[in-house]
Amino acid sequence: MSKTVDINVHHVTRVEGHGNIRVRATDGVLEQCELQIVESPRFFESMVRGRSWVDIPHITCRICGICSIGHTTAACLAVENAFELKLRPQDQLLRELLFDGEIMQSHLLHVYFLAAPDLLGADSVIPLAGSHPEVVARALRMKHLTNELCEILVGRHTHPVGMVPGGFVCCPQKKALAKMKVDLLALKGDLLATVDTIAALADRLPAFNRETEYVALVDKERYPWFWGKVGSSDAPAVAWPDYRQIVHEKVVQHSSSKHVYNKRDSYFAGALARVNLNYPLLTDLAKGVAERLGLKAPCHNPFMNNVAQVVETADCYVRALEKIDRLLDMDLTLSPPDVRPRAGVGVGVAEVPRGILFHEYEFDAAGQCVRANLVIPTGQNLANIEADMRALVPQILDEPKEQIQLKLEMLVRAYDPCISCSVHLLDVEWV
Amino acid sequence: MAKPKMALFSFTCCEGCSLEVLNCENEILDILGALDVTNYREARTNRSDDYDIAFIEGSISREGEIEELKKIRANAKMLIALGACAHTTGLNALKNFRPMADALTEVYGDKGGWFDTIPVRPLKDFVTVDLSLPGCPITKEEFLRVVRELLVGRKPKLPDYPVCVECKMRETICMYHKKQTCLGVVARAGCNAHCPAFGRRCTACRGMVDTPNSQAAKDVMAEFGVTMEQVLDEFRLYNGWTPEAAPPATEAKK
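Just so you know, the protein sequences line up as chains A and B, in that order.
So for the first sequence, my numbering puts the first residue at 1; every next one is plus one.
So for the second sequence, my numbering puts the first residue at 1001; every next one is plus one.
The set of hints was computed from the structure by calculation and includes no laboratory data.
For clarity, every value in this text was computed on a predicted model and none was experimentally measured.
Be careful, since some hints might not be right.
A short list of chain A residues far from chain B (calculated; beta carbon distances all over 10 Å) [as the list claims (entries may be wrong)]:
#1 4
#2 24
#3 42
#4 66
#5 155
#6 202
#7 207
#8 234
#9 261
#10 263
#11 297
#12 327
#13 331
#14 398
#15 403
Calculated cross-link-like contacts (lysine-lysine; reagent style DSBU-like; alpha-carbon spacing at most 35 Å) [to be verified]:
#16 B:1155 <-> B:1140
#17 B:1003 <-> B:1155
#18 B:1070 <-> A:407
#19 B:1179 <-> A:174
#20 A:250 <-> A:220
#21 B:1070 <-> A:175
#22 B:1003 <-> A:86
#23 A:86 <-> B:1178
Glycine included, each C-beta is placed from N, C-alpha and C at the ideal position.
So that you can see chain A by itself, here it is in the shape it has in the complex (with noise of 0.2 Å):
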C-alpha cells in the first residue's frame, strides 16, 4: 500500500534537550526522515580555555544535570592522565560507587519517568500517580535512594562538589555508608518488583533489529565504566589516547550536528553496546534480569536498551554493596591530593549512562587548559537514530500517523538522549 505521511514532532517531549522528528514519506516513498536538534551551542570547549585545572571538572561537569558525575570522573580521570596523576585505593573506590550511584540514579529515572510512560500508555509519570501508584511510589523511592548514595559520597548528585582530579576533598562517614547499606538491602524487594512491571511491559516495546555498531568500553576482568579499552564490534579495541581511531567525527550540513561514525555510516552507544560487547562480565543476578526480560548479546533492537538499563541496574546495584562492604573495612581518611601541574595532554573516557564518553583536554606547564574536546554519547548516537528511522518507517508505513509518531518517539527516547550534553551540535535551519 502506497501511503503519503507528514509528521513533524516539535520539541520532543521526556527527553533531555530539544529535538524535532521530521518524517515525510509521498505515496509510500521515504523522502525526508531527520532527528532535528535545536538545542542551543553552549560552546564548553572554548569556555574552558584559559581557565585553571583545578576549575575543568567543575566546568564541564555542568554540560549536563543528569551525568554531571559522568563527566566529573571523564574530566577528573583526563587532568589526572595529563598529570600522570593515581588515585589512593580508598579514593578509587569511592569513585567507582558514586558511579554505581548515578548509573543506577540514571536508568531508573530513564525507564520509570521517560521511557514507562509510553509502554502504559499516559503522557507522562503524572496520570501514573493515579492509576498505578505503587509503581510511582516505587519508582521515588528507588531514584530518591540512589540521589542519596551520591549525596553521602560528594555532597550531591546533580553537579557533585567533593570530587576532584586525583581524589576527593570530602570524606563519607561511616556511619553514613552503613546506613546505606541497611537501606539498599532494603531495596532489593523494589529491584526485582521492577524487573516484573518491565517483564510484564516488555512485550509492548517495538520488535525492531537493524544491526549496526557497537561501540563501548571493553575489559577482560570488570564490567567497565571508567577502566578497559575502547572497543567496538566492528573493529580491535585501542587504548584511550588513541580513542579517535575509532571515533570520527564529521560536520554535515544537511543534518544540523557533528555526526560521528566508525567503520560503518554509524554506531550506537549505550547501554545496549555495553551489555553486547561485555556481557559475560555482569553480574549473575544481571545475566538473571536479562535472561527474564529477553536480552540476549548480543541484541540488535534498539528499543531493548531500555532493557539493558534495567540490566545494568542490577549490576549495579550488586556491585555498589560489595563496594561499601569494602569501604567498611577500610579506615577512611581525608586526604585532599597534592596536584603538581604540567603541560601535556590527557584522555579521560568514561561510561556514562547515554554512552561512551571522551573528555580530552591539553595543559601548559602552569596547568591553564590550552585545548579542549569533548565527545558526548547523544552526539556519538545521532547518525544511528537517523538510520533506525529510516529502517523502521518503511515496516510501519501502514500503521496510522499517530502510532508511527509514537514509535518514532519511542525510539528516540530508548536512546536516553541527553541534547543539552551534545555540546558539539549545530543549530541550523532547515529546508
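Model the placement of chain B on the given structure of chain A, informed by the hints.
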C-alpha cells in the same frame, strides 16, 4: 479553588535545575497535588499555553529564544528564573569573554558560520522577572519553600547575608585556611554553605548579597595574599554578565 497552573521551560543550560525539581522525590506527589503542571517538556508529552506560574531555567543565547521568552512572559502571571543560568547567566557567560568568531571556530571549525548564537544574557535583560531562585543548581529546599509560600500567597524572599554566616553556623573550617580563594564573604547565602561543607570553596553561583561588604572582603583577601585578578577570575565563573566582572571582549557584548 482551582489549582494554580505551573509550567517549566528550559533555555540554554544543562537542565539540572529542572532535574532538581524531579529530585524532590519525597515531596513531588504533594506538589502535583497542589499545582497543575500544564507544560513541562522534560517530563510530559501534553503541552499547553495556559499557566499561571512559569519557571524558566537557562540563559538566552539565540535570537529565537528571545521571542519564546517574551511569549512565556505574556502568558504567565508570574515568571520565576530557576537557577544561575537564568538568574546571572552562570557559567554560560564564560563564552562572552572570548570573541564570538573564535568560540565558533574553536568548537565547529570552518562551519562556525552556520549558527544562530549571540552573547549569553540572563532573562532579566529581556523581560520582567518576578523572582529568581539562584544557584547552580538550585537547592531543593529553597524551591520547596518558594512553592509553599506562593501557594499561601506570600512573596518569597531570599536570604540577604553572605555564605560565611552559614559556614559559621555549620562549623565548617574557613576555606582561606585551606588555601582556597573563597567568595563566600560576598556571595548570597541560602545554600546552607553546601560546597565548603564538602571541601570546596564558594564560587558565588548564587550571585552576591544586595550590599556586599567589599571592604571586609578586600581585607580578607589581602590577608591571604589574593590578587584582584584572581578574585575577578573566580567571580567570572558564575557572574560574568554583571558589571563588576567587566568582560574585556567588548565585541561579545551587543
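Taking the hints in turn, this is what the structure says about them:
{"no.": "1", "hint": "4", "result": "holds (25 Å)"}
{"no.": "2", "hint": "24", "result": "holds (22 Å)"}
{"no.": "3", "hint": "42", "result": "violated (6 Å)"}
{"no.": "4", "hint": "66", "result": "violated (6 Å)"}
{"no.": "5", "hint": "155", "result": "violated (4 Å)"}
{"no.": "6", "hint": "202", "result": "holds (22 Å)"}
{"no.": "7", "hint": "207", "result": "holds (23 Å)"}
{"no.": "8", "hint": "234", "result": "holds (27 Å)"}
{"no.": "9", "hint": "261", "result": "holds (17 Å)"}
{"no.": "10", "hint": "263", "result": "holds (24 Å)"}
{"no.": "11", "hint": "297", "result": "holds (31 Å)"}
{"no.": "12", "hint": "327", "result": "holds (17 Å)"}
{"no.": "13", "hint": "331", "result": "holds (19 Å)"}
{"no.": "14", "hint": "398", "result": "holds (24 Å)"}
{"no.": "15", "hint": "403", "result": "holds (15 Å)"}
{"no.": "16", "hint": "B:1155 <-> B:1140", "result": "holds (18 Å)"}
{"no.": "17", "hint": "B:1003 <-> B:1155", "result": "holds (18 Å)"}
{"no.": "18", "hint": "B:1070 <-> A:407", "result": "holds (34 Å)"}
{"no.": "19", "hint": "B:1179 <-> A:174", "result": "holds (27 Å)"}
{"no.": "20", "hint": "A:250 <-> A:220", "result": "holds (31 Å)"}
{"no.": "21", "hint": "B:1070 <-> A:175", "result": "violated (50 Å)"}
{"no.": "22", "hint": "B:1003 <-> A:86", "result": "violated (55 Å)"}
{"no.": "23", "hint": "A:86 <-> B:1178", "result": "holds (22 Å)"}
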